[in-house]
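Chemist: Each chain is listed here by its residues.
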Amino acid sequence: MPQIKIYQEDEIPSPSLRIWQVFSSNPFAVLGLWLVICLLLLTVFGPLIAPYTAEQQDTQALLLPPSWDPAGTVEHFLGTDDLGRDIFSRLLHGAHLTFGMALWIVISALSVGLVIGSLSGMMKGIKSSILGHLLDALLSIPSMLLAILVVAVMGPGLENIFWAVGLALTPQFVRSTHLAVREESQKEYVKAAILDGANPLQIFWFVIMPNVWETIIVQTTLAISVAILDIAALGFLGLGAQAPSPEWGAMIAQGLDNLLTAPWTVTIPGATILVSVLSINLVGDGLRTALAPR
Amino acid sequence: MQLLDIRNLTIELDTPQGKVKALDRVSLTIQDGEIHGLVGESGSGRSLLARAILGIPGSNWTIKADRMMLNGRNLLEMNSQERRSIMGSEMAMIFQDPSSSLDPVISVGSQLIEAMPASTGFWWSRGKKRKRAAEKWLHKVGIKDHKKIMASFPWELSEGECQKVMIAMAVANSPKLLIADEPTASMETSTQAQIFRLLSQLNQLHGVSILLISHELETVSQWCERLTVLYAGQVMEAGPTQQLIAKPFHPYTKALLGHIPDYTETTQQKSILPTLPGSAPALQHLPIGCRLGPRCPEAKKTCVKQPILCRKKGRHFACHFPYTNETCHDSTIA
Amino acid sequence: MGKYLLRRLNLFVATSLVLAGVLFYTTGLFPVDRITALSGIVSPSPAQVEQVTELYALNKNTPLQFSAFLQQRLSGDLGISITSQQSVSQELMARLPATLELANVAALLALVFGVPIGILASLTQHRLTQHAIMAMTLTGYSIPVFWLGLTLSLWFGVHLGWLPISGQINLLYEIEPVTGFILFDTWVSDSEYRMAAFLDALQHMILPSITLAVLPFTVVVRITRSAMLNIMNQTFIRAAEARGLSTAKIVLRHALPNALIPVLKHLGIMLGPFASYSIIVEVIFSWPGVGSWLVSGIYQRDYTVIQGGILVVALLIMLSSILIEIVHTATNPISRKELYASN
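Chains as they are written, first to last, in our numbering: chain U, 1 to 294; chain E, 1001 to 1334; chain L, 2001 to 2343.
Warning: the hint list may mix true and false statements.
List time: in silico DSS-like cross-link candidates among lysine-lysine, alpha-carbon distance up to 27 angstroms [unchecked claim]:
(1) Lys2249/L with Lys2265/L
(2) Lys1148/E with Lys2003/L
(3) Lys2249/L with Lys187/U
(4) Lys1147/E with Lys2249/L
(5) Lys1129/E with Lys2265/L
(6) Lys1131/E with Lys1144/E
(7) Lys1144/E with Lys1128/E
Some chain L residues well away from chain E (every beta-carbon gap over 10 angstroms; in silico) [claimed, not checked]:
(8) Phe2113
(9) Ala2239
(10) Leu2245
Source of the hints: derived by calculation from the structure; they are not laboratory data. For each residue, glycine too, the CB sits at the ideal point set by N, CA and C.
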């Protein structure tokens, strides 16, 4: 028997369902989410579906324009660079260098920052201010300067960029976690939990943390986009990934010599970076509006 | 003479659950120079009514009315600019949370001076004149230390002081009508008394009509000459305070009066305070007909039809089964 | 207030010490001789070795070495450049004005255009305008700045040929550097082609400053918009309406001062990314500032330049972020209230 609705009832969705409802009601955010999922898949499976290897040089097809250009061919979908390397394949191979690396950096910076930030947020007095404020010194050093310092010590290379960008991102996580934990721990419901006899660990994990996650999630999406931009910028300056590498920023640097004759060697990797960062920012923006109103 | 005459004002809110009639055919008349009380529970649409009268509606409101006259001018026919120009000069409003009704980053003094009427005279003396006017009004609302108050920021003052400043700003342009939306919420009793006394002084000395909105029938009845009782967006009963208190016609008014703890008679110890059963309906689940229906002790089958607002000897009531034998002929709803 | 200033000063000193410590530690890690890393003298003579060892207390323990290092750096001695063998502090002083000029022009552009557009975005009821502004800011926020710079110079510099794409001024103009700020210098110079030089410098300024302004511009628009949306719903705005004030007066006098407070706060947070971006922009447009100097320093493994440049730039950024915070507190009565509460 079909249920007959006699009363007009309000269904109150669970918090996570509500967040999803708000998030999915924004078409741009959903589009961003799909793009991010595609990017994640490409990061993992990109090298498998790439038609050529990253370094394979087709001497017959130097500086071939993209396939929609009359001079272009379908074999090299996005054209080739000055050494005859297929740009489409290089982009696919580069996805895990730029995007995957950014994810790794953010995850590491997040875990370190979360631990230090919550410790300093829960502690009081001088210990807290040492942990909290001294990292401000690192925070104020621009990521580019930090990268220059790291490269000066360790030499250029993609692995060293991990340290440079990671060191620049960690203080941000420390700071936002510290502030969020601080702010929550001063609220009345935390006091109520203390009066109920909860120990500090319980207060931290069961009382404060559920209300801090949202801030951290938003911060994480922001950090991923910053990390991608930084990795690419360092690759472009030649401080990160080195010349034959298909890292997206390095690809732009390699295409720079042919900027006038073959602008697609610069435009296409740049557009790829733009789209990936944009999609992450769309997701982050959607999450922020979904999480904002209580 | 009637200062404000509203007939059958209906406000529909456009909510995600569909359109909701937050105010349903509300009629309100305010005489020149009277203090009119508007009593109702929270959520009964008192603040909506106040904002609709003043002309600062929310973005999802639809306002319909048969008549909305202020001092012989039709408010419905005015465009937003004309409405804005009579705000402040013809009518003014004070809000429930005075400290957040003042701009937090500008000192109280400069906000006060900004609210003073544009002064005449040489341009170099105008600023001074307005400052003096501001000080004068501060003294009138009972603030002696005008220098300290004018130099401070809103969050440095108490709620009572903020409300006095708000009143000074509202009355400075000598409006005909002052709408006071719960002016004493979250204040101590002594401050409350000060504010009410101030309002009634202004009423007597300057002839300002006041629409006093409150949820406390007890306090409102002390200061108002006439009352209107609102429940869930409908007018239940209206009339002169004395008569209304002495002999309520409407079951809701009677119930409200019954809520006031009675210290004169010997009530039994630990007896339950008389209240209506149930609670006020949410806006999405309004009963049809008389909205008091499900909670009313006198409700019968006929109550699913909305009762018409009866007028009898200066009293108004909307009930099929009033506590009076007089039958109703004159009606506002055909 | 005095106590507050003292605390900020304390914080500045403490963070500067940490920064100096980090730099001192990394100097030991540079893959060159320690004496070269500290002083910049390549293949020093025995006399120079002795002198540097004396200056930096290299034969003593680490804390003493650190204090000697601090003394040297604080007295303004940043060593000499490994490649050019010139004093690092002099090279830095010659390049700093160009960087500051570019950064200030870009920041000014961002504020002058960002704040009104943010207000517009918050006030407009038109959904299309809102979406357009949001899409624009999100794209500006996501665009890689080096790519943007390249694309702009490709279009406006090469294809259209409207604007110069490299350097600060055409080399034909010989302008006596007075302050180092090229716009100012050309304006006050007494040569007969003063006006032409000024216009040329202005043209050189356009592309780099626009490229650099994109990031702060988008941030300013977004922050202004969200702050305005928040504030226009407050009771005091409704109270101001009820008093019969005009919409323009409400926005300009009551809403805007409240909305600019978070904008100012975010300016301080943005300084770091802004500096990173300005380094990239300087490299792309061959702007003779600190950024391109530092990058060429790293290409040539010029450790004294890297060290000195990072020290000075980071100190400047720390100082200005603390200054912004102080201005924020001083101009904002609400944060002063929080100050009362915390003490």
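Chemist: Look at each hint and say if it fits the structure.
Modeler: Quick rundown of the hints versus the structure:
| no. | hint | in the structure |
| --- | --- | --- |
| 1 | Lys2249/L with Lys2265/L | holds (24 angstroms) |
| 2 | Lys1148/E with Lys2003/L | holds (24 angstroms) |
| 3 | Lys2249/L with Lys187/U | violated (37 angstroms) |
| 4 | Lys1147/E with Lys2249/L | holds (26 angstroms) |
| 5 | Lys1129/E with Lys2265/L | violated (38 angstroms) |
| 6 | Lys1131/E with Lys1144/E | holds (15 angstroms) |
| 7 | Lys1144/E with Lys1128/E | holds (19 angstroms) |
| 8 | Phe2113 | holds (24 angstroms) |
| 9 | Ala2239 | violated (4 angstroms) |
| 10 | Leu2245 | violated (8 angstroms) |
Violation of the numbered hints given earlier is confined to hints 3, 5, 9 and 10; the remaining hints are satisfied by the structure.
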